[in-house]
Amino acid sequence: MSILIAIIVLGSMCLLFGALLGYAAVKFKIEGDPIVDQLDALLPQTQCGQCGYPGCKPYAQALADGEAINKCAPGGEDTIKKIADLLGVDVQPLDESHEQDNTPKVAFIIEEDCIGCTKCIQACPVDAIIGAAKQMHTIIIDECTGCDLCVAPCPVDCIKMIPIKTTTHNWQWDLSSIPITVLENETEKSTMINDQKELMTNELGA
Amino acid sequence: MVDYLLLLVSTVLVNNFVLVKFLGLCPFMGVSSRTETAIGMSFATTFVMTVASLLSYLVNNYILAPLGLQYLTTMAFILVIAVVVQFTEMVVHKTSAKLYRTLGIFLPLITTNCAVLGVALLNIYQQNNFFESIIYGFGAALGFSLVLVLFSAMREKLASADVPAPFKGPAIALITAGLMSLAFMGFTGLVKL
Numbered sequence: 076m077s078i079l080i081a082i083i084v085l086g087s088m089c090l091l092f093g094a095l096l097g098y099a100a101v102k103f104k105i106e107g108d109p110i111v112d113q114l115d116a117l118l119p120q121t122q123c124g125q126c127g128y129p130g131c132k133p134y135a136q137a138l139a140d141g142e143a144i145n146k147c148a149p150g151g152e153d154t155i156k157k158i159a160d161l162l163g164v165d166v167q168p169l170d171e172s173h174e175q176d177n178t179p180k181v182a183f184i185i186e187e188d189c190i191g192c193t194k195c196i197q198a199c200p201v202d203a204i205i206g207a208a209k210q211m212h213t214i215i216i217d218e219c220t221g222c223d224l225c226v227a228p229c230p231v232d233c234i235k236m237i238p239i240k241t242t243t244h245n246w247q248w249d250l251s252s253i254p255i256t257v258l259e260n261e262t263e264k265s266t267m268i269n270d271q272k273e274l275m276t277n278e279l280g281a
Numbered sequence: 005m006v007d008y009l010l011l012l013v014s015t016v017l018v019n020n021f022v023l024v025k026f027l028g029l030c031p032f033m034g035v036s037s038r039t040e041t042a043i044g045m046s047f048a049t050t051f052v053m054t055v056a057s058l059l060s061y062l063v064n065n066y067i068l069a070p071l072g073l074q075y076l077t078t079m080a081f082i083l084v085i086a087v088v089v090q091f092t093e094m095v096v097h098k099t100s101a102k103l104y105r106t107l108g109i110f111l112p113l114i115t116t117n118c119a120v121l122g123v124a125l126l127n128i129y130q131q132n133n134f135f136e137s138i139i140y141g142f143g144a145a146l147g148f149s150l151v152l153v154l155f156s157a158m159r160e161k162l163a164s165a166d167v168p169a170p171f172k173g174p175a176i177a178l179i180t181a182g183l184m185s186l187a188f189m190g191f192t193g194l195v196k197l
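As they're listed, the protein sequences go chains D and U. Residue numbering for the first sequence follows my numbering, starting at 76 and increasing by one per position. Residue numbering for the second sequence follows my numbering, starting at 5 and increasing by one per position.
These are computed hints drawn from the structure, not numbers from a lab. Careful, some of the hints might be misleading.
[As the list claims (entries may be wrong)] Lysine-lysine pairs mimicking DSSO-like chemistry, simulated, CA-CA at most 30 Å apart:
no.: 1; chain 1: D; residue 1: K157; chain 2: U; residue 2: K161
no.: 2; chain 1: D; residue 1: K104; chain 2: U; residue 2: K98
no.: 3; chain 1: D; residue 1: K146; chain 2: U; residue 2: K102
no.: 4; chain 1: U; residue 1: K98; chain 2: D; residue 2: K157
no.: 5; chain 1: U; residue 1: K102; chain 2: D; residue 2: K132
Since the model is a prediction, treat every value here as computed from it, not as a measurement.
Work out the full structure, taking the sequences as your base and the hints as a guide.
So, in structure tokens, the structure goes:
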């Protein structure tokens with residue numbers, strides 16, 4: 076008899092708590108995973124695939140599932156820092172196997188060598204290459220994101236990546252879009268300087 | 005009133021759950037590598053511990069005791085704790101995606117944090133009344149939070165310290181925890197009744 080009471084009591088407690096959780100699950104329902112969209116917004120949207128994923132959104136999804144945060148070469152250290160901040164993990168240096176140098180570049184086709192194979196056109200994620208089969212190809216400079224993906228498929232090695240020179244046309248005049256932190260007072264300034272010193276000594280030590 | 009205050013001080017400092025009773029060591033070691041995470045974990049654990057000790061008091065005194073089912077306390081309390089944790093997880097997921105990601109697996113692991121079950125069971129063994137139970141639960145959580153945040157701050161400093169190679173990583177963390185425990189033993193005798 077007492078066993079029966081025990082079963083009934085525990086059973087009804089389970090039912091009650093289950094109903095409570097069921098209600099809470101409906102009440103606190105979450106549409107989608109907002110973290111993926113936030114991560115996607117931080118990535119540079121070059122869709123270059125250097126991280127090993129077919130674009131920025133899939134990499135954002137992978138990041139949310141715990142992929143290493145240091146695979147975005149076009150984004151560089153800045154993006155890694157922002158992702159680390161959002162996910163609450165430690166900042167890591169850019170993955171060695173990916174390109175270190177993130178100066179803005181643009182692809183250039185040496186037109187006399189081009190055989191018109193269209194392989195680079197298929198590789199380009201942003202449709203920045205025009206040309207047709209057995210016709211010389213060329214790059215639309217304004218569309219090119221400098222992602223490198225067209226270099227490898229070219230059978231005659233006629234594509235070079237050239238750094239973009241800073242001119243008065245492409246200099247970023249709009250300073251407000253460049254993240255600048257304005258230090259309000261002296262204490263904040265000194266802690267910032269101390270942080271940087273600490274960072275530098277750590278790097279030297281490592 | 006003085007009794008309640010004394011109970012609070014004694015649970016937070018003198019009978020600290022982590023460093024004196026050695027309960028809840030898993031999150032103490034696991035979540036303490038970053039202060040930010042430690043603070044998040046502290047809030048979640050504080051909420052769960054307080055609510056769980058309140059609910060487990062009610063369950064014990066109004067359901068189990070009248071029916072003579074005290075032998076079911078452990079099982080019933082685990083049920084109560086699991087529900088509170090699950091509920092907390094849903095609320096945290098809804099309100100702060102960042103905190104949810106930071107806590108990660110440690111949030112559901114509060115269920116198996118023996119300090120939470122420990123508080124609920126000790127409340128019964130010590131025959132605490134309703135308010136004493138809540139204060140005991142809250143004090144235990146406060147003590148847990150205090151040492152967790154202190155310890156994480158130390159571990160952040162340790163990360164950049166010049167530690168001899170054999171002591172790097174968890175070894176130096178455990179030694180630090182031991183030294184902290186010794187320090188907290190010093191609070192014995194702070195409260196004399």
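**Message:** Would the hint linking K98 (chain U) and K157 (chain D) be met if the CA-CA limit is 30 Å?
**Reply:** holds (22 Å)
**Prompt:** Are the Cα positions of K102 (chain U) and K132 (chain D) separated by 30 Å at most?
**Reply:** Answer holds: K102 (chain U) to K132 (chain D) is near 19 Å, not above 30 Å.
**30 Å limit on alpha-carbon distance, applied to hinted pair K146 (chain D) and K102 (chain U)** = Since the Cα atoms of K146 (chain D) and K102 (chain U) sit roughly 21 Å apart, the hinted pair holds (cutoff 30 Å).
**Asked** Is K104 (chain D) within 30 Å of K98 (chain U), Cα to Cα?
**Response** holds (7 Å)
**Message:** Against the 30 Å threshold, does the CA-CA distance of K157 (chain D) and K161 (chain U) hold or violate the hint?
**Reply:** holds (23 Å)
In this structure, none of the earlier numbered hints is contradicted; all agree with it.
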